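A.B. asks: For the sequence shown, this note's numbering begins at 6 and goes up steadily by one.
Derived by calculation from the structure, the hints in this document are not laboratory data. It should be emphasised that the depicted structure is a prediction, and the values quoted were computed from it without experimental measurement. Built from N, CA and C at the ideal position, the CB exists for glycine as well. Please note that the accuracy of each hint is not assured.
[Stated by the list, open to error] Keeping only pairs whose Cα atoms sit at most 27 Å apart, straight-line, the calculated DSSO-like set for lysine-lysine is:
#1 Lys140 to Lys150
#2 Lys72 to Lys140
#3 Lys72 to Lys150
#4 Lys150 to Lys94
#5 Lys49 to Lys76
#6 Lys49 to Lys140
#7 Lys49 to Lys150
#8 Lys151 to Lys94
#9 Lys94 to Lys49
#10 Lys49 to Lys72
#11 Lys49 to Lys151
#12 Lys151 to Lys140
[Unchecked claim] With beta-carbon atoms standing in for the labels, derived distance ranges:
#13 His121 to Val29: 41 to 51 Å
#14 Gln115 to Gln30: 40 to 50 Å
#15 Asp88 to Gln115: 17 to 27 Å
#16 Asn27 to Ala118: 46 to 56 Å
#17 Pro154 to Gln115: 34 to 44 Å
#18 His121 to Leu34: 37 to 47 Å
#19 Asp98 to Lys76: 26 to 36 Å
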Amino acid sequence: MFKLAILSVAIVSVAAHLPALNTVQDARLQANSLLRCWEPMDEKNPSAGYALSEPLYTLCSYMPDPKEYEKFYVNGVDESSDDYTNIYKMFTDVAERHAVLNVCLQEGFQFHAETHPSQISLRCLCKRDGCNVPKHLLTFLDYNKKIIPQH
6 MFKLAILSVA IVSVAAHLPA LNTVQDARLQ ANSLLRCWEP MDEKNPSAGY ALSEPLYTLC
66 SYMPDPKEYE KFYVNGVDES SDDYTNIYKM FTDVAERHAV LNVCLQEGFQ FHAETHPSQI
126 SLRCLCKRDG CNVPKHLLTF LDYNKKIIPQ H
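Build the full structure now, drawing on both the sequences and the hints.
C.D. replies: Okay, structure coming up:
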C-alpha cells in the first residue's frame with residue numbers, strides 16, 4: 006500500500022513538470038485523430054445553438070455567409086461530399102516546426118446560366134477538435150491561433 010502511494014506521487018510530480026504544448030505541437034498531436042466538430046443543434050434555427058459532435062470527422066468546416074460575415078455555417082465534413090486529397094496534403098506536407106491550422110478556399114460556383122453571376126463563398130477547413138468554433142470569422146481565426154483542448 007505504501008509503495009503504491011509513493012508511485013502515484015511520483016507520476017503526478019513528473020506530469021506537473023511537463024512543458025506546455027504550443028500551437029504547432031497541438032496541431033501535430035491531433036493530426037491523425039477523429040475530430041469532434043461544432044454543428045447546429047437545429048439546422049433551420051441557428052439561434053438554437055451549437056453542440057460538439059461525436060468524434061467522427063477528419064475535417065471540420067467553417068463557412069462565413071457570403072453576404073454577411075457575422076453569420077456562419079459550421080459542420081463536420083462528410084468526406085464523400087468532395088475530393089479532399091489536396092486539402093489533406095496541405096495539412097500533412099509540412100516542415101518539422103510548421104503546422105497548417107486552417108485551409109481557407111474562396112470558391113466560385115456557377116449554378117445558373119452563364120449570364121447570371123457566379124455564387125462566391127469562403128470555406129475554411131481545419132483538423133483539430135472543435136476548431137470550427139461557431140463565432141464571427143475573426144474570432145474563428147483568433148481561436149485557431151491557440152491550443153485547442155481535446156474535449
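A.B. asks: Hint by hint, say whether it matches the structure.
C.D. replies: Outcome of the hint check:
1. Simply put, Lys140 and Lys150 have alpha-carbon atoms about 14 Å apart, close enough for the 27 Å limit, and the pair holds.
2. Of the supplied pair hints, the one linking Lys72 and Lys140 holds, its CA atoms being roughly 16 Å apart against a limit of 27 Å.
3. Of the supplied pair hints, the one linking Lys72 and Lys150 holds, its CA atoms being roughly 25 Å apart against a limit of 27 Å.
4. For the given pair, Lys150 sits about 21 Å from Lys94 by alpha-carbon distance, which is consistent with the 27 Å threshold.
5. Proximity of Lys49 to Lys76 is assessed by CA-CA distance (about 14 Å); at most 27 Å being required, the pair is judged to hold.
6. Taking the CA atoms of Lys49 and Lys140, the gap is about 18 Å. The hint holds against a cut of 27 Å.
7. Between the alpha carbons of Lys49 and Lys150 the distance comes to roughly 30 Å, so the proposed pair goes past 27 Å and is violated.
8. This hinted pair checks out: Lys151 and Lys94 have alpha carbons roughly 22 Å apart, not beyond 27 Å.
9. A distance of roughly 34 Å separates the Cα atoms of Lys94 and Lys49; the hinted pair therefore is violated under the 27 Å criterion.
10. Note on Lys49 and Lys72: the hinted pairing holds, with a Cα-Cα distance of about 18 Å set against a maximum of 27 Å.
11. Straight-line distance between C-alpha atoms of Lys49 and Lys151 comes to about 31 Å, which puts the hinted pair past the 27 Å bound.
12. Distance check on the hinted pair: Lys151 and Lys140 sit about 15 Å apart at the alpha-carbon level, within 27 Å; holds.
13. Range check, His121 to Val29: about 44 Å between beta-carbon atoms, so the 41 to 51 Å window is met.
14. Between Gln115 and Gln30 the Cβ separation comes to about 42 Å, which falls inside the hinted range of 40 to 50 Å.
15. Range check, Asp88 to Gln115: Cβ separation about 19 Å, and the 17 to 27 Å hint holds.
16. Range check, Asn27 to Ala118: Cβ separation about 50 Å, and the 46 to 56 Å hint holds.
17. Taking the beta carbon of each, Pro154 and Gln115 are about 41 Å apart, inside 34 to 44 Å as hinted.
18. One distance hint, 37 to 47 Å for the beta-carbon pair His121 and Leu34, holds here, with the actual separation near 46 Å.
19. Evaluation of the 26 to 36 Å hint for Asp98 and Lys76 yields a pass: the beta carbon distance comes to about 33 Å.
In this structure, the earlier hints numbered 7, 9, 11 are contradicted, and the remaining ones agree with it.
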